[in-house]
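A.B. asks: This is what each chain is made of:
Number of protein chains: 2
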Amino acid sequence: MDIPTYDDVAAAHERIAPHIHRTPVMTSSCIDRLAGTALFFKCENLQKAGAFKVRGASNAVFGLDDARAGRGVATHSSGNHALSLSYAAGRRGIPCNVVMPHTAPEAKKSAVRGYGGIITECEPSTSSREATFAEVQAATGAEFVHPYNDARVIAGQATCARELVAQIDGLDAVIAPIGGGGMVSGTCLALSSLAPGTEIYAAEPEQADDACRSLRAGRIIADDAPETVADGLKVPLKELTWHFVANHVTDILTVSEREIVDAMKLVWKRMKLVIEPSSAVTVAAILKHRDTFAGRRVGVILTGGNVDLDALPWTQQ
Amino acid sequence: MDIPTYDDVAAAHERIAPHIHRTPVMTSSCIDRLAGTALFFKCENLQKAGAFKVRGASNAVFGLDDARAGRGVATHSSGNHALSLSYAAGRRGIPCNVVMPHTAPEAKKSAVRGYGGIITECEPSTSSREATFAEVQAATGAEFVHPYNDARVIAGQATCARELVAQIDGLDAVIAPIGGGGMVSGTCLALSSLAPGTEIYAAEPEQADDACRSLRAGRIIADDAPETVADGLKVPLKELTWHFVANHVTDILTVSEREIVDAMKLVWKRMKLVIEPSSAVTVAAILKHRDTFAGRRVGVILTGGNVDLDALPWTQQ
Numbered sequence: 001m002d003i004p005t006y007d008d009v010a011a012a013h014e015r016i017a018p019h020i021h022r023t024p025v026m027t028s029s030c031i032d033r034l035a036g037t038a039l040f041f042k043c044e045n046l047q048k049a050g051a052f053k054v055r056g057a058s059n060a061v062f063g064l065d066d067a068r069a070g071r072g073v074a075t076h077s078s079g080n081h082a083l084s085l086s087y088a089a090g091r092r093g094i095p096c097n098v099v100m101p102h103t104a105p106e107a108k109k110s111a112v113r114g115y116g117g118i119i120t121e122c123e124p125s126t127s128s129r130e131a132t133f134a135e136v137q138a139a140t141g142a143e144f145v146h147p148y149n150d151a152r153v154i155a156g157q158a159t160c161a162r163e164l165v166a167q168i169d170g171l172d173a174v175i176a177p178i179g180g181g182g183m184v185s186g187t188c189l190a191l192s193s194l195a196p197g198t199e200i201y202a203a204e205p206e207q208a209d210d211a212c213r214s215l216r217a218g219r220i221i222a223d224d225a226p227e228t229v230a231d232g233l234k235v236p237l238k239e240l241t242w243h244f245v246a247n248h249v250t251d252i253l254t255v256s257e258r259e260i261v262d263a264m265k266l267v268w269k270r271m272k273l274v275i276e277p278s279s280a281v282t283v284a285a286i287l288k289h290r291d292t293f294a295g296r297r298v299g300v301i302l303t304g305g306n307v308d309l310d311a312l313p314w315t316q317q
Numbered sequence: 001m002d003i004p005t006y007d008d009v010a011a012a013h014e015r016i017a018p019h020i021h022r023t024p025v026m027t028s029s030c031i032d033r034l035a036g037t038a039l040f041f042k043c044e045n046l047q048k049a050g051a052f053k054v055r056g057a058s059n060a061v062f063g064l065d066d067a068r069a070g071r072g073v074a075t076h077s078s079g080n081h082a083l084s085l086s087y088a089a090g091r092r093g094i095p096c097n098v099v100m101p102h103t104a105p106e107a108k109k110s111a112v113r114g115y116g117g118i119i120t121e122c123e124p125s126t127s128s129r130e131a132t133f134a135e136v137q138a139a140t141g142a143e144f145v146h147p148y149n150d151a152r153v154i155a156g157q158a159t160c161a162r163e164l165v166a167q168i169d170g171l172d173a174v175i176a177p178i179g180g181g182g183m184v185s186g187t188c189l190a191l192s193s194l195a196p197g198t199e200i201y202a203a204e205p206e207q208a209d210d211a212c213r214s215l216r217a218g219r220i221i222a223d224d225a226p227e228t229v230a231d232g233l234k235v236p237l238k239e240l241t242w243h244f245v246a247n248h249v250t251d252i253l254t255v256s257e258r259e260i261v262d263a264m265k266l267v268w269k270r271m272k273l274v275i276e277p278s279s280a281v282t283v284a285a286i287l288k289h290r291d292t293f294a295g296r297r298v299g300v301i302l303t304g305g306n307v308d309l310d311a312l313p314w315t316q317q
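From first to last, the protein sequence lines are chains A and B.
All letters in the first sequence, in the order written, are residues 1 to 317 by this note's numbering.
All letters in the second sequence, in the order written, are residues 1 to 317 by this note's numbering.
Okay, chain A solo, but in the shape it has when bound (with noise of 0.2 angstroms):
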């Protein structure tokens, strides 16, 4: 197992600086209100393709040697890895192949079109993605971007807490969502480094709580295709991810599909900023154990910001 380590980090930032944004930190008085806490909002919503995955995307692309950059690149992705690889392959010239489940929001999809990729569609499961995956890179020869389970992805991911604990002093925790874990794994990596005091959380909706579970018996426990508004978090942790989570996080909270609609309806309306579902995780987790963050100041990441506006979630039912 190929364990990036915190040089891999400093190498990351400084290869993928060009093709990225150092997205700002942003605070709300409302929210802070609501929680009893000092927030600070690590805005990845506002990153380059609309999400903090153009950093481990990048990271991937841009170190590639020529002659396997020649062949391209490949993965699988529920959405926003997709389009990150898609963006940084445009960035360098060369061919992105995505294989994505035909039940991904009609906006990622069309936004991986937009920047190039090339879409092969699967069923919405870990197995019949895999399989499809499988097919496309026997075809292409091109080199395999996991979306998470991959040293140079979580070496980028890093950035982003590398960042955070740049601009803001004294954090006491930070907290991600987890799905398969490739933000978590890269905060852990920068923060054991940086600032080894600030205690890690993860949130994840209850209807996918795979990593909460995996953590309570300290062995990966997969689900295939559970059903959430929180369509980036469907995936379960790999065995790279795992050793990070299982070595530095705290705890992984869970939060209801009603209480995360509500998180990202309450950013939308009061700091005005459009956050996708997967994103409203940690604000519902805070929102709901209010006693273990009462009083202390928490980075928060909100990770994507790539929502299909013609399907919002409280518009749907």
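Be aware that one or more of the hints could be misleading.
You can't tell identical chains apart in this list, so a pair holds if it fits in one copy or across any two.
[As the list claims (entries may be wrong)] Okay, derived cross-link-like pairs now, EDC-like style, lysine to aspartate or glutamate, Cα gap no bigger than 20 angstroms in a straight line:
| id | residue 1 | residue 2 |
| --- | --- | --- |
| 1 | 269 | 106 |
| 2 | 269 | 257 |
| 3 | 288 | 172 |
| 4 | 265 | 310 |
| 5 | 238 | 223 |
| 6 | 288 | 206 |
| 7 | 265 | 32 |
| 8 | 265 | 308 |
| 9 | 238 | 224 |
| 10 | 288 | 259 |
| 11 | 269 | 121 |
The hints are simulated quantities; they were obtained by calculation from the structure and are not laboratory data.
Given the structure of chain A, go ahead and fit chain B onto it with the hints provided.
C.D. replies: Leaving out everything else, chain B in the frame of chain A:
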């Protein structure tokens, strides 16, 4: 006629600084590409109370002597001035009475109440609004703070353009939406001292184009109760704002309802910023009048982000 000066702007800025945000300026490579320009978005949607109007309202409220302040403040408004005045009055601990059309978005009414404002409803016409207001003011004796035809308010709104030119060098033009003309007048007031070479444009809905027709005619033309999705832009110019518009505005550009909604959705989708329809009118005008802005550095005032999330214009048809 009490015409505010640049000294009033500097004094206003010092007075209101503890009560407002110095809002960030954002950019969008995607919208720049579409427009063929370099756009600098002054994000007043991220302002306290969700709109620039808190600048003028705070200047009026905190400029009152204690005796006058004790009787409270009152206004009529299509929305954002109402909640901004309620916010400012709340911070000073004085009452705020507001006359609002019963058709105003529910989000704005409940925000006014949330800030402690007391609402009296009227019909959605200028005549009904003014008659109802006269009754409320007679009953309370409160200080009238007009939403825009007020030197204190215009000096307050001018602090927005004052910040913008401090944040971004070398703007060739600035564009703001025009309803009653408070923001545009403040922009004229600030830029005529600070950046006299910067052109000032206004943008207006075709369906509420009274300011555009006024500029062409050389006199104020006022419509009663025009219909447009840009609900902040339905009110007519008054003598004080007409003074600034007639003397400093290069042109007023109009756009259709469809163009406004498309531009609003574009900003939400690409910039991940929640803006209200009135704020989208400028973006629509820049995309429509490409030749006017092509190749130039243009400041764009995103005036507010108070939207009823349960009634978005693209889900209403």
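A.B. asks: Would you mind marking each hint as holding or not holding in the structure?
C.D. replies: Checked hints:
1. 269 x 106: between (24 angstroms within a copy, 13 angstroms between copies)
2. 269 x 257: within (18 angstroms within a copy, 23 angstroms between copies)
3. 288 x 172: within (18 angstroms within a copy, 49 angstroms between copies)
4. 265 x 310: The answer is both: 15 angstroms in one copy and 10 angstroms across copies each meet 20 angstroms.
5. 238 x 223: within (12 angstroms within a copy, 64 angstroms between copies)
6. 288 x 206: within (13 angstroms within a copy, 46 angstroms between copies)
7. 265 x 32: within (16 angstroms within a copy, 28 angstroms between copies)
8. 265 x 308: both (14 angstroms within a copy, 11 angstroms between copies)
9. 238 x 224: within (13 angstroms within a copy, 64 angstroms between copies)
10. 288 x 259: So residue 288 and residue 259 pass the 20 angstroms test inside one copy only (8 angstroms; across, 41 angstroms).
11. 269 x 121: Neither way: residue 269 and residue 121 sit 34 angstroms apart in one copy and 24 angstroms across, limit 20 angstroms.
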